[in-house]
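Mapping the sequence shown onto the numbering used here, position 131 (from 1) lands on 146, and the numbers just tick up by one.
It should be emphasised that the hints constitute simulated quantities derived from the structure, not laboratory data.
Remember, predicted model here, so these are calculated numbers, not experimental data.
Just so you know, even glycine gets a beta-carbon here, dropped at the ideal spot from N, CA and C.
Hints may contain errors.
With a cut-off of at most 30 Å between alpha-carbon atoms, the simulated DSS-like pairs for lysine-lysine come out as follows [claimed, not checked]:
| no. | residue 1 | residue 2 |
| --- | --- | --- |
| 1 | Lys-111 | Lys-122 |
| 2 | Lys-90 | Lys-246 |
| 3 | Lys-24 | Lys-90 |
| 4 | Lys-90 | Lys-142 |
| 5 | Lys-260 | Lys-273 |
Label pairs and their computed distance ranges (CB to CB) [to be verified]:
| no. | residue 1 | residue 2 | range |
| --- | --- | --- | --- |
| 6 | Ser-263 | Asp-28 | 41 to 47 Å |
| 7 | Lys-122 | Ser-223 | 43 to 49 Å |
| 8 | Val-137 | Gln-115 | 18 to 24 Å |
| 9 | Arg-278 | Pro-50 | 34 to 40 Å |
| 10 | Glu-21 | Pro-173 | 27 to 33 Å |
| 11 | His-297 | Glu-102 | 38 to 44 Å |
| 12 | Val-88 | Arg-146 | 18 to 24 Å |
| 13 | Gln-34 | Phe-139 | 43 to 49 Å |
| 14 | Arg-184 | Ser-263 | 27 to 33 Å |
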Amino acid sequence: MSPDFEICKNIRDQEDLRQSFSALSIATFGLDFEPWYLNGYWSDRYVPYAMVIEGKVVSNVSANIMTFDMDGVSKTFIQIGTVMTDEAHRGRGFSKLLMQEVEKDYKDIADGFYLFANDSVVDFYPKFGFRRADEYTFSISSESGIPDRPPENRTVEPLDMGNPEHLTRTIRAIRESIVQSALDLRNNEGLVLFYLTQFMRENVYYLSSEDAYVVAEEEDTLFIHHIFSRKHCDLNAIIAAFGSKFQSVELGFAPLEKDSFCRAVSEEENTTLFVKGVAFDHFDRLHLRFPTLSRA
Numbered sequence: 016m017s018p019d020f021e022i023c024k025n026i027r028d029q030e031d032l033r034q035s036f037s038a039l040s041i042a043t044f045g046l047d048f049e050p051w052y053l054n055g056y057w058s059d060r061y062v063p064y065a066m067v068i069e070g071k072v073v074s075n076v077s078a079n080i081m082t083f084d085m086d087g088v089s090k091t092f093i094q095i096g097t098v099m100t101d102e103a104h105r106g107r108g109f110s111k112l113l114m115q116e117v118e119k120d121y122k123d124i125a126d127g128f129y130l131f132a133n134d135s136v137v138d139f140y141p142k143f144g145f146r147r148a149d150e151y152t153f154s155i156s157s158e159s160g161i162p163d164r165p166p167e168n169r170t171v172e173p174l175d176m177g178n179p180e181h182l183t184r185t186i187r188a189i190r191e192s193i194v195q196s197a198l199d200l201r202n203n204e205g206l207v208l209f210y211l212t213q214f215m216r217e218n219v220y221y222l223s224s225e226d227a228y229v230v231a232e233e234e235d236t237l238f239i240h241h242i243f244s245r246k247h248c249d250l251n252a253i254i255a256a257f258g259s260k261f262q263s264v265e266l267g268f269a270p271l272e273k274d275s276f277c278r279a280v281s282e283e284e285n286t287t288l289f290v291k292g293v294a295f296d297h298f299d300r301l302h303l304r305f306p307t308l309s310r311a
C-alpha cells in the first residue's frame with residue numbers, strides 16, 4: 016500500500032479523525048455525526064473504515080453491524096453506508112480498497128451484505144458481487160378504506176425527544192419491544208436514536224390503548240416508520256388513532272400481517288437496494304422491506 020495513506024477503523028474515539036470524518040459527511044450528505052457521538056448513541060455497531068492522509072479523512076466506507084429477525088430467523092447483515100470521498104481525492108480507487116477491507120473483515124461472520132445506492136453509482140457495486148433486489152411498499156388508500164375513529168377518541172400523545180422523560184420512555188420501549196415487523200431490527204437502539212434525536216424529534220407518538228410508541232410523519236400520507244411495544248400491536252387500531260384526514264397510509268416496514276395492505280415493488284427515487292450473500296437468495300419472494308429507521 017502506498018505510504019501516503021492509511022486505513023483507520025477506530026475513528027470514533029479519536030477526536031481529530033472523528034471530527035474530520037463528520038466534516039466530510041457534512042460536505043457530502045449534510046449529515047453531522049458529532050451530536051450522535053456526544054449523546055452517547057454511537058455504538059460499536061457502526062464502524063467507519065476511513066482512508067486517512069496527513070491526519071485528514073479523505074474517503075470512507077462504513078460497516079453497520081445489523082441484527083434482524085427475518086421471518087422468525089435471526090440474521091446478521093452488514094449494511095454498507097456513508098460511502099464518500101473528498102472531491103480532491105476521487106479517482107484513486109479508495110472506495111474499492113475500503114469495500115474490500117470491510118468484506119475481508121466480516122465475510123466469515125455475516126449472513127450477507129447490503130446497501131442502498133443512488134443512481135450515479137448503480138454500476139459500481141455489481142463489480143463487488145452485489146445484485147439488485149426488490150423491496151416492497153405496504154399501503155392503504157382512502158379509496159380502499161383507511162381505518163378511522165371519531166376525532167374525540169384520538170388517543171395519540173405527541174412526545175418531545177428534547178424532553179428527558181419522554182426520551183427515557185422511548186428508549187425503554189425500543190429496548191423492550193418485541194418483533195413488530197417481518198424484517199425487524201434488533202438490538203440497535205443507537206441507530207434508531209440517530210433519527211429520533213435529530214431529524215425526527217417531533218415524530219414520536221404514544222398510544223396508550225396499544226402501549227405503543229409510534230414513529231410517524233403526518234402529511235397527506237400518514238407514514239408510519241416503526242412501532243415499538245412489548246406486545247403485538249393492532250395496526251388498524253394504530254392507524255385509526257391518527258384520525259381520518261389522510262389520503263393514504265404507508266408503512267416504513269413490512270408488516271407481520273400483510274393482507275390488509277396493498278403491496279407493490281418499491282420505486283423510491285434515486286435509491287436502489289443491492290444485496291450479496293446466500294441469505295438473500297430468496298429475499299425478493301419474501302416481499303420484505305428494510306425498516307426505514309434501519310438505514311445508515
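Here is how each hint holds up against the structure:
1. Lys-111 with Lys-122: At roughly 16 Å apart (the allowed maximum being 30 Å), Lys-122 and Lys-111 satisfy the hint.
2. Lys-90 with Lys-246: holds, 22 Å
3. Lys-24 with Lys-90: Roughly 24 Å between the alpha carbons, so the hint for Lys-24 and Lys-90 holds.
4. Lys-90 with Lys-142: Distance ~24 Å between Lys-90 and Lys-142 Cα, so the pair holds.
5. Lys-260 with Lys-273: holds, 23 Å
6. Ser-263 with Asp-28: 41 to 47 Å: With Cβ atoms ~45 Å apart, the hint holds.
7. Lys-122 with Ser-223: 43 to 49 Å: 46 Å Cβ-Cβ, so the 43 to 49 Å window holds.
8. Val-137 with Gln-115: 18 to 24 Å: holds, 19 Å
9. Arg-278 with Pro-50: 34 to 40 Å: At 37 Å between Cβs, range holds.
10. Glu-21 with Pro-173: 27 to 33 Å: Cβ of Glu-21 to Cβ of Pro-173: about 47 Å, so the range 27 to 33 Å is violated.
11. His-297 with Glu-102: 38 to 44 Å: About 40 Å separates the Cβ atoms of His-297 and Glu-102, which means 38 to 44 Å holds.
12. Val-88 with Arg-146: 18 to 24 Å: This hint holds: roughly 21 Å between Cβ atoms.
13. Gln-34 with Phe-139: 43 to 49 Å: For Gln-34 and Phe-139 the Cβ distance comes to about 28 Å; the hint is violated.
14. Arg-184 with Ser-263: 27 to 33 Å: holds, 29 Å
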